[in-house]
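Q: Residues per chain, in single letters:
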Amino acid sequence: MAVAYIILIVVLGVLAIAAGTFFLLFQRPRRGRTLAPPGQPQAPPAASPPGGGEAETATAAGAPAAVIGVERPPPSAGRMVRLRARLARSQTAVGSALLSLLSRDRLDDETWDEIEEVLITADVGVVPARQMADDLRTKVKVLGVRDTAGVRGLLRSELLAQLGEDTDRSLHVAPHGGTPAVVLIVGVNGTGKTTTAGKLARALIGDEHSVLLGAADTWRAAAADQLQTWGDRVGAETVRASRENADPASVAFDAVSEGIERGVDTVLIDTAGRLHTKVGLMDELGKVKRVVERKAPVDEVLLVLDATTGQNGLRQARVFAEVVNVTGIVLTKLDGTAKGGIVIAVQRELGVPVKLVGLGEGPDDLAPFDPGTFVDAILG
Amino acid sequence: MFETLSDRLTQVFSALRGRGRLSAADIDATMREIRIALLEADVALPVVRQFIARVKERASGEEVSAALNPAQQVIKIVNEELIGILGGETRRLRYAKVPPTVIMLAGLQGSGKTTIAAKLALWLREQGNTPMLVAADLQRPNAVQQLEILGERAGVPVFAPSPGNGVGDPVAAARDSVEEARRRQHNMVIIDTAGRLGVDEEMMAQARAIRDATQPDEILFVVDAMIGQDAVTTAQAFLDGVGYDGVVLTKLDGDARGGAALSIVQLTGQPIMFASSGEKLEDFDLFHPDRMASRILDLGDMLTLIEQAEKAFDAEQTATLAGRLVSGEGFTLEDFVEQLAMVRKLGPIGNLLGMLPGAAKNRELLSQVSDRDLDRAEAIVRSMTPEERRNPKIINGSRRARIARGSGVSVGEVSQLVTNFFEGQKQMKALFGGGGIPGMPMVPGMGGGARRVAKSARKKTKKKAPRSGDPRRAADLAREAKGGASAQDRLRAMGGMSALGGGLGGGGLGGDGGLPGLGGADGLPENLADALPGLAFPPSGQGGNVPAAFRGNPKRRKKK
Ligand SMILES: Nc1nc2c(ncn2[C@@H]2O[C@H](COP(=O)(O)OP(=O)(O)OP(=O)(O)O)[C@@H](O)[C@H]2O)c(=O)[nH]1
Ligand SMILES: [Mg+2]
Numbered sequence: 001m002a003v004a005y006i007i008l009i010v011v012l013g014v015l016a017i018a019a020g021t022f023f024l025l026f027q028r029p030r031r032g033r034t035l036a037p038p039g040q041p042q043a044p045p046a047a048s049p050p051g052g053g054e055a056e057t058a059t060a061a062g063a064p065a066a067v068i069g070v071e072r073p074p075p076s077a078g079r080m081v082r083l084r085a086r087l088a089r090s091q092t093a094v095g096s097a098l099l100s101l102l103s104r105d106r107l108d109d110e111t112w113d114e115i116e117e118v119l120i121t122a123d124v125g126v127v128p129a130r131q132m133a134d135d136l137r138t139k140v141k142v143l144g145v146r147d148t149a150g151v152r153g154l155l156r157s158e159l160l161a162q163l164g165e166d167t168d169r170s171l172h173v174a175p176h177g178g179t180p181a182v183v184l185i186v187g188v189n190g191t192g193k194t195t196t197a198g199k200l201a202r203a204l205i206g207d208e209h210s211v212l213l214g215a216a217d218t219w220r221a222a223a224a225d226q227l228q229t230w231g232d233r234v235g236a237e238t239v240r241a242s243r244e245n246a247d248p249a250s251v252a253f254d255a256v257s258e259g260i261e262r263g264v265d266t267v268l269i270d271t272a273g274r275l276h277t278k279v280g281l282m283d284e285l286g287k288v289k290r291v292v293e294r295k296a297p298v299d300e301v302l303l304v305l306d307a308t309t310g311q312n313g314l315r316q317a318r319v320f321a322e323v324v325n326v327t328g329i330v331l332t333k334l335d336g337t338a339k340g341g342i343v344i345a346v347q348r349e350l351g352v353p354v355k356l357v358g359l360g361e362g363p364d365d366l367a368p369f370d371p372g373t374f375v376d377a378i379l380g
Numbered sequence: 001m002f003e004t005l006s007d008r009l010t011q012v013f014s015a016l017r018g019r020g021r022l023s024a025a026d027i028d029a030t031m032r033e034i035r036i037a038l039l040e041a042d043v044a045l046p047v048v049r050q051f052i053a054r055v056k057e058r059a060s061g062e063e064v065s066a067a068l069n070p071a072q073q074v075i076k077i078v079n080e081e082l083i084g085i086l087g088g089e090t091r092r093l094r095y096a097k098v099p100p101t102v103i104m105l106a107g108l109q110g111s112g113k114t115t116i117a118a119k120l121a122l123w124l125r126e127q128g129n130t131p132m133l134v135a136a137d138l139q140r141p142n143a144v145q146q147l148e149i150l151g152e153r154a155g156v157p158v159f160a161p162s163p164g165n166g167v168g169d170p171v172a173a174a175r176d177s178v179e180e181a182r183r184r185q186h187n188m189v190i191i192d193t194a195g196r197l198g199v200d201e202e203m204m205a206q207a208r209a210i211r212d213a214t215q216p217d218e219i220l221f222v223v224d225a226m227i228g229q230d231a232v233t234t235a236q237a238f239l240d241g242v243g244y245d246g247v248v249l250t251k252l253d254g255d256a257r258g259g260a261a262l263s264i265v266q267l268t269g270q271p272i273m274f275a276s277s278g279e280k281l282e283d284f285d286l287f288h289p290d291r292m293a294s295r296i297l298d299l300g301d302m303l304t305l306i307e308q309a310e311k312a313f314d315a316e317q318t319a320t321l322a323g324r325l326v327s328g329e330g331f332t333l334e335d336f337v338e339q340l341a342m343v344r345k346l347g348p349i350g351n352l353l354g355m356l357p358g359a360a361k362n363r364e365l366l367s368q369v370s371d372r373d374l375d376r377a378e379a380i381v382r383s384m385t386p387e388e389r390r391n392p393k394i395i396n397g398s399r400r401a402r403i404a405r406g407s408g409v410s411v412g413e414v415s416q417l418v419t420n421f422f423e424g425q426k427q428m429k430a431l432f433g434g435g436g437i438p439g440m441p442m443v444p445g446m447g448g449g450a451r452r453v454a455k456s457a458r459k460k461t462k463k464k465a466p467r468s469g470d471p472r473r474a475a476d477l478a479r480e481a482k483g484g485a486s487a488q489d490r491l492r493a494m495g496g497m498s499a500l501g502g503g504l505g506g507g508g509l510g511g512d513g514g515l516p517g518l519g520g521a522d523g524l525p526e527n528l529a530d531a532l533p534g535l536a537f538p539p540s541g542q543g544g545n546v547p548a549a550f551r552g553n554p555k556r557r558k559k560k
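Those protein sequence lines, which keep their order, are chains A and B.
Just so we're aligned, residue 1 is where the first sequence starts under the working numbering, counting upward by one.
Just so we're aligned, residue 1 is where the second sequence starts under the working numbering, counting upward by one.
Calculated from the structure, these hints are not laboratory results.
Worth double-checking, as some hints may not be accurate.
[What the hints assert, rightly or not] Partial list, derived from the structure: chain B residues whose beta carbon lies under 8 Å from chain A:
no., residue
1, Q146
2, G228
3, T234
Ideal Cβ positions, reconstructed from N, Cα and C, are used throughout, including at glycine.
All chains should be built: construct the whole structure from the sequences, respecting the hints.
A: Structural data, given as structure tokens:
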């Protein structure tokens, strides 16, 4: 095997000469600072979360922080109550672990490591978790906070800041200039796109909107039927392809045309699940959007992320954002035990806010995203 | 955005080179990096802890190997442990003594059960079985219909007594299906069930009822490879709620690292039996623990590359070249053409680079690199006169114009190639000739701790390490190369090459112990540890026309 060394040097040398700049590819941007072993004190990270100001959020504890879209009436009280109840279900020992950590006499290195781990367990990601723990540590030192409640409050504000507490999370679902609002629903396989389309239609209809569904998933078996079942259930009509394996872009186009003709308020287009790594399918999605835009502007592109998704969620978001310019995240399946912490990284990196959360399979199990409730669920 | 484990370990090990022994501090530093890598691969935290403890114990107790350097030793242990856990208990599907064999699928919503049911049915049918699919997901809208369509595509009949969409009793459907299969002489029954949450007690009770009504020979837990830290909670909830005998991992065609695989196996002790990697019904296979291990660690498929490279390259010729390079002679454009021919034997350049660790992240960019780049380079060099090839310094404006005409490229491209060449030549000289790859650990943005370690390592090396540009070694090498010594011996003589893996930061190429690791190295981890991570993926944030590994630091070299 020894020749391998020489060979590798030579191969790389040859390629470097022939392909020149090619090797730049491998020099990934790094966030090296945050990767230093714990215990090495670091300056607070330079990157401040989009929309998140410095820690003036200390008052946030307890204050309801629901940002409700202007185009959308506030959710019914029942919805929020259920949201809290469902989230409460997912509370594991994490929150109490944190509390017991914080109530230790000394906040030693190990304690901070463990606080970081609490965040990691929520799928926040190693790098953001490290950053937040470091940040928190600095603040605790500077402010001289000693009590558990104080530290918890700081952590809470830290998380809220990451999520961008004052971010605009309104949904653009109102018609404008005589054309309906067009909402495109995208995401990888099985995240809950079709269900979200159904639930959102129901919510909009509840708010006196007229809604038309477009079944642009022409690929998966029975996908259009599934959407139509939802449509029937919530009182929305569904535009679907007349034949199998039709071009999804043309179905979407037809749905929007039909929507304009009928003068509906909102057209919701359900698309096929696709892995962000499949270039062909991502191109297809880009085309769906472009073709629709010939008819009417697309007002919302909602990326549906499954809360159980780990670090891959960020990659998904990156690619979808690039291809169809995602305007909002729908975080589904928060009724399970998963915390969905990956949306923090998504919000931080891409600035795309979570707008809605899915909390079950029923037609009313959709609610506007409330950062405060979400953070409380992570902290337990 | 994330670095690969190989990158990180390269950094860590740059400080460990040449000691030939794993100190407790070395092990701790390494474990920290492995922990981060595993967490970024979505291995669940408690499992990471267990795993690290295990590796650490083994690493500490391990005899210090004469053949392996510390980096190799640790990677070898990590890789072995991963494969060991992932493949611990491989087994085949259990068949019932009296048919039908009943297989029940269970899992979260959206994990891919319906698709898996059809894929498994097709797979079993192709092995001569006569499976029947059972629609027991009566919850999700049109799930029954989806299964019917998929069954048709797979050529497998579907038993769907209830319409679904909330109508019908899944327990009854499942119970009846077994009788139906017996009557219609199907030897296998695959039951698709509704997706459910681990915390949904009511739905778990339903799953238990289906289980009790059908007495499955296998219950398979279907889980999405993209799942994060919740994998352990959910896997445990299903184990407690309904139980299972095996795991199916889906959506492996994405780029999720799939750490959940490790979490679930470690936690439950149940084997991963199948892997699903595509939307087509054929994209379904038995699970391969070794592939999964390198996926989780993101080490890439280096073994393949090395094997192919060894086959394609003329070892003798390469060693002669290396001998020349070590003795301080430069890499010439003649060599370039010769070696280019070998590189091409490795197949399309896209494939070659795709095999490098971390390449998955750059797949899209990689696809833009074509063999045309190589063609062009070759054409340019071939249009040079022998004199120009030997001494490219003489290539002036008018010669450039002539070469450009002769090779059908622009003058700018000729200049670029010449520039690239000088740069590449310089760096190869540095690598072979004694400069090592100084400054490698001093990458921008690296953690302060690592930087300090690297620095102190450098200091030590300065004092202790024999210089590797050592003419004696070069002479040895040249002699042995001529004498047809084994490749390993030749390399051992080169001594300093160990710097590639063990001591990129060391500054000097001379390893204390000659060439640890090359001796008995006969597998992926060794090679990876030694040569590749640092070489292929220079952890540098700076640009340039050559890989950072090739970018020496002339200043520091001069100081020595
Ligand atoms: N518990 C729970 N289940 C959900 C939620 N949203 C969707 N689901 C379920 O997840 C499964 C998949 O949902 P779909 O809406 O079919 O997902 P999709 O993204 O359209 O799937 P494809 O079109 O196949 O890619 C279904 O069983 C849904 O009932 C949620 O918020 N909570
Ligand atoms: Mg769908």
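Q: Take the hints in turn and mark each one as holding or not.
A: Each hint tested on the structure:
1. Q146: Holds: closest Cβ of chain A sits about 4 Å from Q146/B, inside 8 Å.
2. G228: Hint holds; G228/B Cβ to chain A Cβ min 2 Å, cut 8 Å.
3. T234: Where the cut-off is 8 Å and the nearest Cβ of chain A is about 7 Å from T234/B, the hint holds.
In summary, this structure violates none of the numbered hints.
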